[in-house]
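**Q** Add chain B to chain A, keeping to what the hints say.
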Amino acid sequence: MARIVVDPVTRIEGHLRVEAEVNNGKVTDAYSSGTMVRGLEIILQGRDPRDAWAFCERACGVCTTVHALASVRSVENALAITIPPNAELIRNLMFCAQYVHDHVVHFYHLHALDWVDVVSALQADPDEAYKIAKSLSPWPKNSAQYFKSVQDRVKNFVTSGQLGIFANGYWGHSAYKLPPEVNLIAVAHYLDALEWQKEIVKIHAILGGKNPHPNYLVGGVPCAINTEDANALNAERLAYVGSLIKMGIEFVEQVYIPDLLAVAGFYGEWFGIGGGLTNYLSYGDLPTNGYGDPDRFKFPRGVVLDRNLNEIHEVKGDDPDQIREYVTHSWYRYAGGNDGSLHPWEGETEFNYTGPQPPYEHLNVEDKYSWLKTPRWKDKPMEVGPLARLVVGYAAGNQDIRDVVNDTLQRLNAPASVLFSTLGRTAARGLETQLVAHWMQEFYGSLIQNIKNGDSRTANTEKWNPSTWPTEARGVGLTEAPRGALAHWIRIKDRKIENYQLVVPTTWNGSPRDANGGLSSYESALVGTPMANVDQPLEMLRTIHSFDPCIACAVHLHDPEGKHLNRITVT
Amino acid sequence: MAADQPSYWEKMKQHGYSRRDFLKFCTYISAFMGLEASGIPRVVMAMQTTPRQPVIWFHFQECTCCSESFIRSSHPIVADIILDKISLDYTETLQAAAGHQAHEALQATMKNHYGNYIMCVEGSVPTGNDGVYCCIGGRTALDIVREAAEGAKAIIAWGSCASNGCVQSANPNPTGATPIHEIIRGKPIVRVPGCPPIGEVMAGVIVHVLTFDRIPQLDGAGRPKAFYSKRVHDSCYRRPFYDAGLFVESFDDENARKGYCLYKVGCRGPVTYNACGIMRWNNGTSYPIQSGHPCIGCSEDEFWDNGPFYNHLASFPGFGIESNADKIGLTVGAATVAGVTAHAVYTNVRKRRLINQEKLAQEKQGQPDTGNTES
Numbered sequence: 000m001a002r003i004v005v006d007p008v009t010r011i012e013g014h015l016r017v018e019a020e021v022n023n024g025k026v027t028d029a030y031s032s033g034t035m036v037r038g039l040e041i042i043l044q045g046r047d048p049r050d051a052w053a054f055c056e057r058a059c060g061v062c063t064t065v066h067a068l069a070s071v072r073s074v075e076n077a078l079a080i081t082i083p084p085n086a087e088l089i090r091n092l093m094f095c096a097q098y099v100h101d102h103v104v105h106f107y108h109l110h111a112l113d114w115v116d117v118v119s120a121l122q123a124d125p126d127e128a129y130k131i132a133k134s135l136s137p138w139p140k141n142s143a144q145y146f147k148s149v150q151d152r153v154k155n156f157v158t159s160g161q162l163g164i165f166a167n168g169y170w171g172h173s174a175y176k177l178p179p180e181v182n183l184i185a186v187a188h189y190l191d192a193l194e195w196q197k198e199i200v201k202i203h204a205i206l207g208g209k210n211p212h213p214n215y216l217v218g219g220v221p222c223a224i225n226t227e228d229a230n231a232l233n234a235e236r237l238a239y240v241g242s243l244i245k246m247g248i249e250f251v252e253q254v255y256i257p258d259l260l261a262v263a264g265f266y267g268e269w270f271g272i273g274g275g276l277t278n279y280l281s282y283g284d285l286p287t288n289g290y291g292d293p294d295r296f297k298f299p300r301g302v303v304l305d306r307n308l309n310e311i312h313e314v315k316g317d318d319p320d321q322i323r324e325y326v327t328h329s330w331y332r333y334a335g336g337n338d339g340s341l342h343p344w345e346g347e348t349e350f351n352y353t354g355p356q357p358p359y360e361h362l363n364v365e366d367k368y369s370w371l372k373t374p375r376w377k378d379k380p381m382e383v384g385p386l387a388r389l390v391v392g393y394a395a396g397n398q399d400i401r402d403v404v405n406d407t408l409q410r411l412n413a414p415a416s417v418l419f420s421t422l423g424r425t426a427a428r429g430l431e432t433q434l435v436a437h438w439m440q441e442f443y444g445s446l447i448q449n450i451k452n453g454d455s456r457t458a459n460t461e462k463w464n465p466s467t468w469p470t471e472a473r474g475v476g477l478t479e480a481p482r483g484a485l486a487h488w489i490r491i492k493d494r495k496i497e498n499y500q501l502v503v504p505t506t507w508n509g510s511p512r513d514a515n516g517g518l519s520s521y522e523s524a525l526v527g528t529p530m531a532n533v534d535q536p537l538e539m540l541r542t543i544h545s546f547d548p549c550i551a552c553a554v555h556l557h558d559p560e561g562k563h564l565n566r567i568t569v570t
Numbered sequence: 000m001a002a003d004q005p006s007y008w009e010k011m012k013q014h015g016y017s018r019r020d021f022l023k024f025c026t027y028i029s030a031f032m033g034l035e036a037s038g039i040p041r042v043v044m045a046m047q048t049t050p051r052q053p054v055i056w057f058h059f060q061e062c063t064c065c066s067e068s069f070i071r072s073s074h075p076i077v078a079d080i081i082l083d084k085i086s087l088d089y090t091e092t093l094q095a096a097a098g099h100q101a102h103e104a105l106q107a108t109m110k111n112h113y114g115n116y117i118m119c120v121e122g123s124v125p126t127g128n129d130g131v132y133c134c135i136g137g138r139t140a141l142d143i144v145r146e147a148a149e150g151a152k153a154i155i156a157w158g159s160c161a162s163n164g165c166v167q168s169a170n171p172n173p174t175g176a177t178p179i180h181e182i183i184r185g186k187p188i189v190r191v192p193g194c195p196p197i198g199e200v201m202a203g204v205i206v207h208v209l210t211f212d213r214i215p216q217l218d219g220a221g222r223p224k225a226f227y228s229k230r231v232h233d234s235c236y237r238r239p240f241y242d243a244g245l246f247v248e249s250f251d252d253e254n255a256r257k258g259y260c261l262y263k264v265g266c267r268g269p270v271t272y273n274a275c276g277i278m279r280w281n282n283g284t285s286y287p288i289q290s291g292h293p294c295i296g297c298s299e300d301e302f303w304d305n306g307p308f309y310n311h312l313a314s315f316p317g318f319g320i321e322s323n324a325d326k327i328g329l330t331v332g333a334a335t336v337a338g339v340t341a342h343a344v345y346t347n348v349r350k351r352r353l354i355n356q357e358k359l360a361q362e363k364q365g366q367p368d369t370g371n372t373e374s
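If you read the sequences in order, they're chains A and B.
With numbering that gives the first Met the number 0, the residue at position 397 of the first sequence is 396, and numbering never jumps.
With numbering that gives the first Met the number 0, the residue at position 240 of the second sequence is 239, and numbering never jumps.
Source of the hints: derived by calculation from the structure; they are not laboratory data.
Treat the hints with care, as some may be off.
[Said to hold, decoys possible] Ranges between beta-carbon positions, derived for each pair:
1) B/K23 x A/T287: 45 to 51 Å
2) B/I277 x A/D28: 42 to 48 Å
3) A/N23 x B/F211: 54 to 60 Å
4) A/S416 x B/K186: 54 to 60 Å
5) B/E146 x A/G336: 38 to 44 Å
6) A/Q448 x B/D233: 52 to 58 Å
7) A/S242 x B/F211: 34 to 40 Å
[Claimed, not checked] Pairs of lysine-lysine residues, derived as BS3-like cross-links and limited to a Cα-Cα distance of at most 30 Å, are as follows:
8) B/K12 x A/K130
9) A/K154 x B/K12
10) A/K154 x A/K133
11) A/K451 x B/K186
12) B/K110 x A/K154
13) B/K257 x A/K154
14) A/K140 x B/K12
All values derive from a computational prediction rather than experimental measurement.
Every residue gets a Cβ at the ideal spot worked out from N, C-alpha and C, and that includes glycine.
With the rest of the complex left out, here is chain B:
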């Protein structure tokens, strides 16, 4: 990267943003990245000095929902930053050039910024039949991704396709669709699952890399902790209804109109790690549960094969956590806590009884088997 390129702050100034706007932006981004207030000056410093980061963005077996989500990133200045602060040198969805001119742009970045570009991948890579199920410019996705990964500083696997294979890898995975981390070894890979991921999460991941010149802290599954460390269930605003054993029994019933918990109509919130409940979608407007539909668990590995979506989960780790919490409450033993805890234990027992009854009823009615989707 040329040293004389303007920094983020310089570019923002040129675009008429005030210092105040800039600091507001840095604070916003810091909050997004889950930083303490003490971390803000570092963000400010980084944004003042960092030039534009070359980025290559591939599209393989995908539906482009990740790109669409990315451009929905809500804060106005975030959208500007993404256009102006990274150098998006190859992206089939938005770039002006086509055909060989597009390939030349790609080749130039891989050569001129070897070891320094970020490679973003949207889509899985088909490995079946020597990769003929996805070809670009007469080459297989498999060939292209291997070549480009060599000079990449870091790899971001956008969405469930690149992170876990998503819909095309669902049983029986006819094309051998494979996530990126199973193809590329020895490179830092950030997995950002979701179908698609929330736009602000995508922007947040990019800005983290730009700001600190390193990838964000990841969990055991390679996902940024800042956005994927909590279950949707844990942050769900309908959680009190769950705890009280108040459930939607069928869509559009009285309970649905009161916004009760969607667990019994199939909600995957208890087994899904994502920030939907906290950040919500489209600038905090809503999220699936808020708009009346159960979470389908789109950020979890193999979620397509964990259906049918509208059959409720037979059991999930959450029960354990909740009963542990109850036990902890009981051992504390304080009189004031005891009353609350007794209630919680009672509602959990009642809830489990309700759920078990429902399960038996479903079995009698002959609903399709859970999870068995073989053709």
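Extracted from the complex, chain A is given alone in its bound form:
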């Protein structure tokens, strides 16, 4: 038996470490550990609830805006504030822009190198690459000369002796299956996507002042609408947003989706690997009739158990019996004992590091081994993320989601079960990007119509002043980060934050085992992953990256006798 340690897991946000047992070329057990903590929940205590969004947004600079959204909603929920329709639409536009940006960046810059052999692109025939690209998409930038110039660029990299970010990649690994021409197309679009991504985020700059970390406001949005003033959202600013949305849709449909399908076509076996858990949770989002009416969200809310698409279970953030967190295997201490669980309103954050003293070679996985807590829904582990959103949406009978999923399954000539896999997760991300890009255009149309009808309200400030607040209040703000279900719980006392807890998507997916020994998404999905070469954990990265982790980690290897095959050099 070999224990593989991947630390750092790269091409993610944050610090994630995976330790895995490998037997006969397959992962048989896995442990996922978050190795960094900052203590935001402790820092938030005693502060002004209206400021919380800014602190929380810094939980992540990749999914940036959604933490702010969960935060302002938790405060609005606590204080019973209803925001104006325009504010809801503007928040939806920012949400959609975040998705379209983040998913494209994930696919090309964080995930593609698991499937695309950059060095192989050197062998490609640019003319042939163009023919393939043309058959897939009308993207005007594709041409033989263009692919040739990209190939030259890669050649420069490889021959310069300075491989930069491509140094020590798993080039030539037997698990890479794409023909050189498809590799070349993907590399070209890796560079295009880098250019494109800095444009689409301008939607955040216009509506929230900057990206990363645009600005939010309890009660609505900070940007004012005035069609007759240069200093507000006027025709020019709105037209700018409109053209960015159009550009976003074009890239998704002409580049991202064709590339995704082309890559998936060569990796069919990955529709049968990495399924992991069978339970899916989505809080849903994108209200079309206000946040108080979840039945009319674009992304439905609910839980699907045991992959049963015929039944959907209700999710309630304020029900103390539903969402609870364990710290049995996490470096925290609960006053009432470490095997119990707490609802986030009663949540506790007290550091209790009991891991090995660094530098260490492996974690004590029998005991506590992560800075992530372990959330459970009715004591069951849940997968969250794009796949969970599609599964819940499909089960809830959402027509847009059903159409896009059925159409894709038809094109792949495959049953719905292929979605429950590593590649299914990656495909789900692409499909929802396409949906969200079009929904963004709908919201944009509604915003224009509202303004046309004379509604320019963007904030409800009736309860802005803390003197209007009750002495005690508590609220929950639910949303869907690109990576999955995200919620913040707040308790307010004497106009200050008394307790604040974030339960983030990667806590659901990447947490350590619960008190009953139940595995979370990463750990569960890694079991069964094939490993052609234990020294090069390419296949493990595929499954881990399919979740788009928002933390950081590392791997070192042990031989079958438990000795190190590879050690990290410590000088």
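**A** Frame of chain A; chain B shown alone:
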């Protein structure tokens, strides 16, 4: 660094850029760095002859917003240069390799380019509990950063985390989050604060180092003067409303729709040194104040503890500067100036009166204490 490596200009040529594109780029970069036109030939010369600079980019206690901002750097050729002109040998966010292969890439650069690599740090370093709050590859961030700093030619502390500790160092700083300059001594350290810094500022700092083979001129706080020598307030396009005493009283009021000054809803522009008002964000598209939200002062030390953000500043040095300016105006005494100055004095008096009234009203309404955020 191998001498036979191609220069920036050679690489650009290979990528199909014309000489004209190259010169345009150099001019653009020179403008970014605040150089006079006479400095442009030096940039051209440097870019023609300099090979790729090895760069190690660490991630510690951070949210990756600095990396995200960096890749937003707007000029198309800037993005290309950053990918092609530096050798980004270690960056957990983008590199292909993981685990021990990633560490080997890091070790190789530290060994082969000892004394010549740039070390970029994104994130603060936790010093509490012997550093167990941030471990990579089983080692503490504290251990890693100390080792890598030894062979670094210069250190760039990206963003507020590495420059001043940022959000995790806010009261009560549960992990002992510490900025880089308090850990590493005896090395040139450029602090580039902001949460995150503007992408073009980050690109500008890198290009400065590459072009002149030395770090940019820094102010007393270790920040590049080119981008951090002016207050947001000084370059704010809403400044005339401030001077005229015209303020947004609450979000989405009539004054907000007219784009009046955000000072009374908490703007930190008067005490914040950054280039937001001049360069703006995302290729000059907007900045927080332009989009209706007050500046939260994210590039200032300990800004998280200077809240609540929506309570306006009780006083700030700007008043002094403005009243000085008024006095200077008065001593000049020219008739044409006198009228303008009298108006300025009047608006300042009116403004202060308005602000004081507001402060009293806030106190009566029992808003949370400013700055007291102890748990």
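**Q** Is the straight-line distance between the alpha-carbon of A/K451 and that of B/K186 30 Å or less?
**A** Since the Cα atoms of A/K451 and B/K186 sit roughly 59 Å apart, the hinted pair is violated (cutoff 30 Å).
**Q** Between A/Q448 and B/D233, is the Cβ distance one that fits in 52 to 58 Å?
**A** Violated, at about 40 Å.
**Q** Under the criterion that the straight-line Cα-Cα distance not exceed 30 Å, is the pair B/K110, A/K154 satisfied?
**A** Satisfied, since the Cα-Cα distance of roughly 25 Å is no more than 30 Å.
**Q** Within 54 to 60 Å: is that where the Cβ-Cβ distance between A/N23 and B/F211 falls?
**A** 57 Å, holds
**Q** Please work out if A/K154 and B/K12 have their alpha carbons no farther apart than 30 Å.
**A** 14 Å, holds
**Q** Falls inside 34 to 40 Å, the C-beta gap from A/S242 to B/F211?
**A** 39 Å, holds
**Q** Between A/S416 and B/K186, does the beta-carbon spacing fit 54 to 60 Å?
**A** Since A/S416 and B/K186 have Cβ atoms about 56 Å apart, the given range 54 to 60 Å holds.
**Q** Are the Cα positions of B/K257 and A/K154 separated by 30 Å at most?
**A** 54 Å, violated
**Q** Given the hint that A/K140 pairs with B/K12, does the C-alpha gap stay at or below 30 Å?
**A** 20 Å, holds
**Q** If I claimed the Cβ atoms of B/E146 and A/G336 lie 38 to 44 Å apart, would that claim hold in this structure?
**A** Between B/E146 and A/G336, where Cβ atoms are some 40 Å apart, the hint holds.
**Q** Quickly compare the C-alpha distance for A/K154 and A/K133 to 30 Å and report which way the hint goes.
**A** 24 Å, holds
**Q** Quickly compare the C-alpha distance for B/K12 and A/K130 to 30 Å and report which way the hint goes.
**A** 27 Å, holds
Hint violations for this structure: numbers 2, 6, 11 and 13, all remaining hints satisfied.
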